[in-house]
Each structure stands twice: as C-alpha cells, then as structure tokens.
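There are 2 protein chains.
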Amino acid sequence: MADQITKRSENYSQWYNDLIVKADLAEQSAVRGCMVIKPYGYAIWEKMQRILDDMFKASGHQNAYFPLFIPKSFFSREAEHVAGFAKECAVVTHHRLMNDPDGKGVVVDPSAKLEEELIVRPTSETIIWNTYKNWIKSWRDLPILCNQWANVVRWEMRTRLFLRTAEFLWQEGHTAHATAQEAQEETERMVNIYADFARNFLAIPVIVGHKSPNERFAGALDTMTIEAMMQDGKALQAGTSHFLGQNFAKSFDVQFTNREGKQEYVWATSWGVSTRLMGALVMAHGDDNGLVLPPALAPIQVVMVPIYKTAEEHEAILDKMYSLKKELEAKGHSVKIDDRDTLRPGFKFAEWELKGVPVRLAMGPRDLAGGTVEVHRRDTMEKVTMAIDSLVDSIGKLLDDIQKTIYQKAFDFRAANVEKCDDWEEFKAKIGTGKFLLCHWDGTAETEQKIKDETKATIRCIPVDSFVCEEEGRDIYSGKPSRCRVVFAIAY
Amino acid sequence: MADQITKRSENYSQWYNDLIVKADLAEQSAVRGCMVIKPYGYAIWEKMQRILDDMFKASGHQNAYFPLFIPKSFFSREAEHVAGFAKECAVVTHHRLMNDPDGKGVVVDPSAKLEEELIVRPTSETIIWNTYKNWIKSWRDLPILCNQWANVVRWEMRTRLFLRTAEFLWQEGHTAHATAQEAQEETERMVNIYADFARNFLAIPVIVGHKSPNERFAGALDTMTIEAMMQDGKALQAGTSHFLGQNFAKSFDVQFTNREGKQEYVWATSWGVSTRLMGALVMAHGDDNGLVLPPALAPIQVVMVPIYKTAEEHEAILDKMYSLKKELEAKGHSVKIDDRDTLRPGFKFAEWELKGVPVRLAMGPRDLAGGTVEVHRRDTMEKVTMAIDSLVDSIGKLLDDIQKTIYQKAFDFRAANVEKCDDWEEFKAKIGTGKFLLCHWDGTAETEQKIKDETKATIRCIPVDSFVCEEEGRDIYSGKPSRCRVVFAIAY
Numbered sequence: 037m038a039d040q041i042t043k044r045s046e047n048y049s050q051w052y053n054d055l056i057v058k059a060d061l062a063e064q065s066a067v068r069g070c071m072v073i074k075p076y077g078y079a080i081w082e083k084m085q086r087i088l089d090d091m092f093k094a095s096g097h098q099n100a101y102f103p104l105f106i107p108k109s110f111f112s113r114e115a116e117h118v119a120g121f122a123k124e125c126a127v128v129t130h131h132r133l134m135n136d137p138d139g140k141g142v143v144v145d146p147s148a149k150l151e152e153e154l155i156v157r158p159t160s161e162t163i164i165w166n167t168y169k170n171w172i173k174s175w176r177d178l179p180i181l182c183n184q185w186a187n188v189v190r191w192e193m194r195t196r197l198f199l200r201t202a203e204f205l206w207q208e209g210h211t212a213h214a215t216a217q218e219a220q221e222e223t224e225r226m227v228n229i230y231a232d233f234a235r236n237f238l239a240i241p242v243i244v245g246h247k248s249p250n251e252r253f254a255g256a257l258d259t260m261t262i263e264a265m266m267q268d269g270k271a272l273q274a275g276t277s278h279f280l281g282q283n284f285a286k287s288f289d290v291q292f293t294n295r296e297g298k299q300e301y302v303w304a305t306s307w308g309v310s311t312r313l314m315g316a317l318v319m320a321h322g323d324d325n326g327l328v329l330p331p332a333l334a335p336i337q338v339v340m341v342p343i344y345k346t347a348e349e350h351e352a353i354l355d356k357m358y359s360l361k362k363e364l365e366a367k368g369h370s371v372k373i374d375d376r377d378t379l380r381p382g383f384k385f386a387e388w389e390l391k392g393v394p395v396r397l398a399m400g401p402r403d404l405a406g407g408t409v410e411v412h413r414r415d416t417m418e419k420v421t422m423a424i425d426s427l428v429d430s431i432g433k434l435l436d437d438i439q440k441t442i443y444q445k446a447f448d449f450r451a452a453n454v455e456k457c458d459d460w461e462e463f464k465a466k467i468g469t470g471k472f473l474l475c476h477w478d479g480t481a482e483t484e485q486k487i488k489d490e491t492k493a494t495i496r497c498i499p500v501d502s503f504v505c506e507e508e509g510r511d512i513y514s515g516k517p518s519r520c521r522v523v524f525a526i527a528y
Numbered sequence: 037m038a039d040q041i042t043k044r045s046e047n048y049s050q051w052y053n054d055l056i057v058k059a060d061l062a063e064q065s066a067v068r069g070c071m072v073i074k075p076y077g078y079a080i081w082e083k084m085q086r087i088l089d090d091m092f093k094a095s096g097h098q099n100a101y102f103p104l105f106i107p108k109s110f111f112s113r114e115a116e117h118v119a120g121f122a123k124e125c126a127v128v129t130h131h132r133l134m135n136d137p138d139g140k141g142v143v144v145d146p147s148a149k150l151e152e153e154l155i156v157r158p159t160s161e162t163i164i165w166n167t168y169k170n171w172i173k174s175w176r177d178l179p180i181l182c183n184q185w186a187n188v189v190r191w192e193m194r195t196r197l198f199l200r201t202a203e204f205l206w207q208e209g210h211t212a213h214a215t216a217q218e219a220q221e222e223t224e225r226m227v228n229i230y231a232d233f234a235r236n237f238l239a240i241p242v243i244v245g246h247k248s249p250n251e252r253f254a255g256a257l258d259t260m261t262i263e264a265m266m267q268d269g270k271a272l273q274a275g276t277s278h279f280l281g282q283n284f285a286k287s288f289d290v291q292f293t294n295r296e297g298k299q300e301y302v303w304a305t306s307w308g309v310s311t312r313l314m315g316a317l318v319m320a321h322g323d324d325n326g327l328v329l330p331p332a333l334a335p336i337q338v339v340m341v342p343i344y345k346t347a348e349e350h351e352a353i354l355d356k357m358y359s360l361k362k363e364l365e366a367k368g369h370s371v372k373i374d375d376r377d378t379l380r381p382g383f384k385f386a387e388w389e390l391k392g393v394p395v396r397l398a399m400g401p402r403d404l405a406g407g408t409v410e411v412h413r414r415d416t417m418e419k420v421t422m423a424i425d426s427l428v429d430s431i432g433k434l435l436d437d438i439q440k441t442i443y444q445k446a447f448d449f450r451a452a453n454v455e456k457c458d459d460w461e462e463f464k465a466k467i468g469t470g471k472f473l474l475c476h477w478d479g480t481a482e483t484e485q486k487i488k489d490e491t492k493a494t495i496r497c498i499p500v501d502s503f504v505c506e507e508e509g510r511d512i513y514s515g516k517p518s519r520c521r522v523v524f525a526i527a528y
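Keeping their order, the protein sequence lines are chains A and B. Counting in my numbering, the first sequence runs from 37 upward without gaps. Counting in my numbering, the second sequence runs from 37 upward without gaps.
Certain hints may be false.
Heads up, the list lumps identical chains together, so a pair's fine if it works in one copy or across two of them.
[Claimed, not checked] List time: in silico DMTMM-like cross-link candidates among lysine to aspartate or glutamate, alpha-carbon distance up to 20 Å:
id	residue 1	residue 2
1	Lys140	Glu116
2	Lys384	Asp177
3	Lys93	Glu82
4	Lys43	Glu363
5	Lys169	Glu63
Bear in mind the hints are in silico, worked out from the structure with no lab data behind them.
With the hints as extra help, turn the sequences into a complete structure.
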C-alpha cells in the first residue's frame, strides 16, 4: 500500500500527488484542470464545511446564492478587479447545440450567439454588488452579512489537485457596512475565524497578517491572510479576508442614507477559503505511510479490524466490536468495523494508515479473553494495549491527544524553520532550503519585486499576531530603513 | 404587507411571483433566467438539504463532486440523451478575455478558443459514467452509491423563479450496480425517500408512479416520479428517479467482472430533486397573507413580539422572552425575538405572516402579569391564550399539530380534486378546471400525444401506491382496451 507512494524525501511533489490519488481523495477528470473529488475526500471537505458554516452563523452570517454567470461588462467596472480576474476564465458565448449537418454528433448552433458573453464566476464581488444595489437604501439595511458556498472557475495554466484547479469549491463571504471601521473589524474578525479553524481543526499553525500591496486581492484596500508552512518549508496561503473600501460600491453605485440623512457609498469586505485547504491538510501532516488526519476532520476516527481463525471467534469478536462501536458513537465518535473477509488484516492496516484514520483497534481471541484490545495511533504509529472496560473513555482521551500532538508537531516543525535574517547573501542561501525568513523590508513594491525576481520568494505577510516584530532595522535588500520585519518564503 | 400581494383568486401566477419576492425568498438577477436565492429562501433550502442528505446517508449513499463542465462530444455518446439535453445549454468556447484594442473594457481573446467546446452540465450522467469507468473493475467494486449537491444549467426560454430557471441547485444521485434487479430496487428506494420527504417534511401529499415512455428521462428505461397538486389544481413533478439500464455503461464502456468471472455492463440509476421544491412549498401551502411554512422546514418556528409602552415594561417583557427562548431552543425549536423599536407590532405581525413563521407569540404587560401569552398560529390564523408556565410543552405540541394540519389541508384539497373520468367530453370540460383525472389509457404514445395536443394535459404517472387502480376499461380517447387508470393533469 504505502510502497505505492513516492517517499517525501525522494520527491515531495510526487508524494503529494500519489497520496491524493491512492488515498481516494481526488483525481483528474476528463476536463482539463478540473478534478473529481471522491467520496472519501469529499467527506473531509464536508466536515470542514460544517464546522466553518457553524462558525460563520455563530458570528451572525447567513448563506445565500448568487448566479454562476457574470455578464462580461461587469468586470470592466472595477479597474483593478478586471486586471486581476477577467483574464484566464471560462467564457460562455452560445446557448444552443444542434445536430451536425454532416451527421457527426453535435455542433454549436451559430445562430444562438449571446448578445453579451457570460463569464463563469472566478469570484462574485461584481454580481453580488450589482445585487446589493437593490437591497440597500438606508443605514437600517446594514450590515448585510452574506456567505455563499459555491464553485468557481479560474482558467489556470498549470494545475495541481486541490492546490490549483480550474474549477474549485469554496465559500465566499460578502459583507456590506455603514462605516469603514465596521468593515475593517469584519475583515479582522473573519481572518481570525480562519486562523481559529486552521489551528483547532486543521491542526495547522498559521501566521496572521496583512498582505503587501503587491499581493492584495484585485480591488481591495487591504488583504489579510493566514499563511501555513508545509513540510517542505514552502508557504501556503490558506485563507484571505479583504477590506474592499468603497471600491465596489462606487463601481456599482451602491449608496445608502446614513444616520445623518446623507447619501454615502457602502463599505465592503469579502473573504474566502477553498478546497485548497484539503491540499494544506495533506501537505502539513501526511507522511510516507499516507495521510495523517486530525481527529476533528477525520470522516472515520476509529477503525476496528477483527482477527480470527474460526467462525466462532469471528462472531464473538464482532459482537464485542459492535457493542463498542455503539458506545463510541454515543460519545460522538465515528467508527467503522472493517469486516471484509477477502482481505488479510495486514492489508487492512496498511489501507487505513494510508487513509489517515487516527485510531485503529485490532482484536483477536486472546484480546477478547484477556479483556484487552490493541490500539494503534496513526500519528506516531505507536501501539498500546488498553482495557476493554474503560475503552470508551480511553479512546476519547486518545483522540484529543492525537489532535494536540499533530498540531504540536506542525508547530515545532515551523518553529525550527523560521529564522530572522539580516544579510542578503544569507537570505539567498537559505530561502530555497525550506525556511520562512523574518526580514526587514523598506515597504516598497520595487524592492519586493526585485527580491522575487532574484529568489522567487514573496512577502507572505506583515504579521499581526505571533510573529509581529516591530523594531527599527534596515531592508534586507535595499538597506533602506524599516520599522518591522515581514515574512518571506517561497509559496505554493 | 399582504396588500402588496396579488390575491390567488385574481391571478394565481402573479400571486406566486409576488410572494417569492415580497417574502424575500428569491429575485431575478442581472443574468437572464438566473435567480438570486436570498438568505431567507436559502435558509429553507438548507433545511431541505440537511434532511435529504441525512436520508441519503442513512440509506448508504456518499457525497462526491464531479466537474461543472462536460466535453461536448460526451453528449453524443448516448443517443437519446443527446436529444434531450444537448440542445438549450450554456456553451463555453473560449478561456480568455483581453483588453479591448479600442479601449472599451474587455473582449473575448480570439486566440483562446478551446479545441473542444465545454457544456455547463445540465445533468451529469455522461461525465460521471466516464469517471466510473476507472472505478469499476469487478463485482467487488459495486454498488457505487454517489450523490452530489451541485448547480446545473439548462437554457430555458421561459423562466419562473424556482420552478424553471436557467441555473438551479439540485442533488443528483448516480448509482452503479451489478444486476438489473438491484438497480431497479434502488430506483424505487429513492423515489420512496422523496415521497417520504414530501409527505413528512414538505407536508405535501404526492402520488408515486411510473412515467409513460413519452415523459421518461432521456436515456432511461424507466422513470419514477412524485407528483404533487398545487392549489390551482395543476400538477408539479417534484422529484424523479430513473432506472437507466445499461445505456450509459454501454455508451462509456463500463464493464465489470461478475461473480461468474464474465464481463458484463454495469446497471445504473440516477435520481434528483431541485430548488423547484421551493416552488412546490410556496404553491402548495401559501395563502393571500403570504407563505405558510411547515414547522419542519421553517428557519424560524416561533417569533416573539413584545408589546409595551414604558421602558420598564419593555425590559420585563424582554427578560421573560429571552428566558422562554432559551427553554424553547433547548427543545430544538428555532426562535426569534423581534425587538425592532422602529416598527409597530401590527407591522411586525404582518411581516412574519408574510414570511410564513408557524407560531407568533405576543406578550404585553397584562399578559406578563397574568402569566399568559397570546399565541397565533399561521396556518389557521387562529389566536389562543396559553399559560406561560407550560408554554414550552404547549408550543411543541402546537408545532406538531401545525405540521399535521398543513398536510391534512393539502391532502383534503387534493382528495376533493381527483376524479375518475370515463368520458372524453367530460374530460375536456374538466381538465382545465384544476382537476387530476384518473382515466384509462391504451398505453400508446400516439394517444397520449393526441390528448396533449387537444387539451395540454399529460400523463403525470401510472400510479404505484395510493392511486393504483388496476381494472379493465377502455381508453378515454381511443376507446381501446386498458388494464389500469393513469393520472392526467395540466402540469407546471
């Protein structure tokens, strides 16, 4: 099983692809750049969705649904947005097929050309702000706190499963506010919800910060981000939250009467995370045996494998397993009994390791007689023996411990690979070796671009929490004065 | 509030549109035929999704996700399917926009023409069976029981909110089986799940049956359906389940090694319900005051409106309301306190009636002093006084009663409007007056078509449960012999 997967040390990128496919998470489809998300992968995504959706609702947001298609002209309204999003995209030009006059299948009916082309949404600011125009008249209509779960399409030239696909699934929040301050608070609130989700559910430590102007969302005044370190030391942008100012309100003429009775443009935010999080999950925790899933997101938290020779043994062990399963499920754990009779236990062990199931129980006749069970934890690959009598409590604690241990491992890995750096030669030597470098930056787009051109490294963020470092210094490249360090890394 | 809505008796169709828009369920978007589903409407759809999804999972199905786009050539593979689905559809022909050389926004880049056009999925049998080809080798890989929640696009010429839109949301199940019998059982299982959902959650009685060959899904050997009667006596097809035989397996060459070691084509089903159910909900239960929501699907089950003059009264009443809210929520009921201070109680009453909230509580100082509360039920518009002490129990029972009463009302309405009919002149006189007519049919497509041409009536189904009527008789139109009655109606 695991021998079908390339080792991380051999080829990290190939390991990633092998793992996605062999663990049944996703696969390429017949359509260029579009993936099929398989049931096991989709079950993980559903858990992510449910948790995030609950967090959004607890913070006052509601779901809605806006059209898949956006009239081409909408993109031209916001000057920066058009440059960022109306380039590589799927363009619908016709609305009918007809039988090929030559009898070879179907062809596009030339008489069914649309008057205005439609773009399959790459992001929905334009269509949503065109809608909000009708929803907002007065300050009493604000705030509007909408989210949508949807598919979006960006015609990427080079695609990778989950990380960069032409079609992907995501949520996009779009809020409208009466004041700049409220919108900025919302921007921060949502990036912090993403950070909370990453740390407590994905078990991935993230750095929260602002993007440099170069790396902002097209049309935003400020973009906040959560940045995660993968096991190859590269950075993955895992979620972003944008303060859009009044840009979209102005482009779509969305004004409201404020408390003073004056007309004013509405303030906006947008924020999103996508199926890219699946890629983050795989790359942050997986090992050469396969996936390692944090219990909080594992579709199966505990798998049980019976070990027996006789039919009598089989029945006795299964009886016990079903009663344990019931008890564990009553405590909210998801449990699977793998009773396939055509496969050896060793094969099953390897398969569930590949799929990252956090805990495996194996039980044979001697275990049953002795009132014990062999428990294997996926994260450390350690085996311990547990008493059946107290198993339900023990498993609950073990799952908690696994969740924490996975996070701590990722945290320690990152801690070992973040360094301050004040020397340009050292920067060049280290940046390609899987490090996040905390460096002074002079704040100019010019310097940022030069560093990127020479090293491929980008400013991942100007940190606001754990890595914030406000101190006087000099830009690592230009030597000009700087007041704080920023995070440089090579990114996915 | 309600005076903004056309009365049903005046113009049922206008009433429907008014209601959808005024109750904040949905609205037209800037894109022809595509709707915006507003937060209140989407909250109802989310409840439907959650309940159906739980039912699908309880019957062994898993969710997955397949691409939005389908290569044009895929549609030509299944001969009937192409005729049914590859006509009015959204066709993607290009993958890039560029700045207009004349400086007027953006235009399609002619150099970015796709080699093969992509169709935005109108339904996913083709792309899914092309995928299943790689998943299925042996009988051990079967059954595959997948469902997906997705958006689909059919370029309808005449659209109506929820009932017929260019883009709509739905779920589509696609299953693969080793035998015809298993696939047929699955087809029946799913139509029965839909019927169960319609009756117990939508509170809509439905007739379960088979479609006549004319009305089958393009590519199916059998289509089962649930048919509901709206308040104008027209039929609404609310869900379908298809036995696809080996048609798609043959078109996409999906074979498996059966238990005897022989190669065989796989057997298939597909089944779906869509946001059309929202239209059914509105049309089945709404009245001239607005929506009437069954408690099982109401995003807000109980709304509380405080009635007060002084700040002291206000505070005391709100205190009581928050404690009641907490108790009701602990019992699983969703509760909203409408404490907007800029609106009169009468205005609030009308608004929540319009939005179909099943139960409204109004509490004033005298109620509080007397330990009572005024309770209004939306379905019958009756008011009763309840004791605050036992309110939580009383509300639970009331919600159950409302759910049953709404169903019974729809059931009685249908019972009053279904008739046996054996005379063609009578048929012509009655079919346009809002009746379902149970008639003998000779089983030929020819007769069915002639009846449709003369009266617009179609065979909604050949019933299998409540309305099954196997008896000798003569076709209502042709006079030829028949062995059972079928359901004729004018349909949405």
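To see whether the hints hold, each was checked on the structure:
{"no.": "1", "hint": "Lys140 with Glu116", "in the structure": "between (44 Å within a copy, 15 Å between copies)"}
{"no.": "2", "hint": "Lys384 with Asp177", "in the structure": "between (57 Å within a copy, 16 Å between copies)"}
{"no.": "3", "hint": "Lys93 with Glu82", "in the structure": "both (16 Å within a copy, 13 Å between copies)"}
{"no.": "4", "hint": "Lys43 with Glu363", "in the structure": "neither (38 Å within a copy, 56 Å between copies)"}
{"no.": "5", "hint": "Lys169 with Glu63", "in the structure": "between (40 Å within a copy, 13 Å between copies)"}
The structure shown violates just one earlier hint, number 4.
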